[in-house]
Amino acid sequence: MRISGLSKRKLSSIVLFFVLALAGCLIFAQWSNREKYISAIQSIGPTWLCLLLMLSLLNYVLRIIRWQNYLRFLGANLPATLSALIYVAGFALTMTPGKAGELYRGVFLKTYGVTYSDSIAVFVSERISDLSAILLLIILGIFRQLHWFMIISLIIVAVIISRVLLPHTQFLLKFLGNLSRHIYCPSKVKRRWLTLLKEARRCHSPRILLSATFLSLLAWSSEAFAFYLLLYKLGFSAGLLFALYVYALATLAGAISFLPGGLGGTEAVMTGLLLINGMPATQAIAATVIIRLTTLWFAVFLGVIALVLGKRALVTGTEQPGN
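Mapped onto our numbering, the consecutive letters of the sequence shown carry residue numbers 1122 to 1444.
Please keep in mind that the hints were generated in silico from the structure rather than gathered at the bench.
Each residue gets a CB set at the ideal place from its N, CA and C atoms; glycine is no exception.
The hints are all genuine.
Okay, the calculated beta carbon distance ranges per label pair:
hint, residue 1, residue 2, range
1, S1238, G1360, 43 to 53 Å
2, R1248, L1174, 16 to 26 Å
3, F1335, G1234, 22 to 32 Å
Make the full structure from the sequences, and use the hints.
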């Protein structure tokens, strides 16, 4: 089965565009600071660099499991390898405002019979789950001086509130319905948004919500822990909770900036927080550069590889030999 209007030639053009865009971003953003990048990587060595990349991979694996759970919950039973291929391919489109380019996974899912409303619902649910995990990590950092019992209590309360409120979108639907009477909106667009909200509501049952929140917290904690190890390697021992807080807050700042991949916003907040807390400028810049290379740019690199190597399976609905 083939997607209407999507051919191998068109997908090749998409892949080429994002490869060139990625190369352009790297050259433009990093050429003037190439010496800082090179010296930053050299300062930690290949062993620690591999460790950071492995923790990023753990993040991706946990998010793939979450993605697969969402799809199965909506009735889409894709093979694990194919589901992982589609998910990783979406990373090639991360360099878009709000990561909206990752919605293109829905085009690949359509090849295997997954409706666009389902794929968009999963995308929205993922973003909500990511936001919940990031906010929990920020809470950990803010209250890092408090007793562990209070921290755990706050997390439990936050999870309970999420479980109680998110499944009940009827109020939101009613509110949007009333709002649409006062704001012009084509009926077709209105119906699609209502369908999306209802589909997303299906992803927020207590069981799937609890599982997704847990996986999201583990996933983002793995990258935040990598940031902690990086700070330790660079000689700045500010504590694990501090690293979780800085990484989570910088990630949130990049997300709400709606800049492609959070470029600029994430780096500015991360470096600024490190400087405010007494880390030397050279080390702060090195830490920011390395963690972004081993998270954001590593994900984009894997996404481009998945698009190139998995082109046949993504376009034609045929799995690669051996899958």
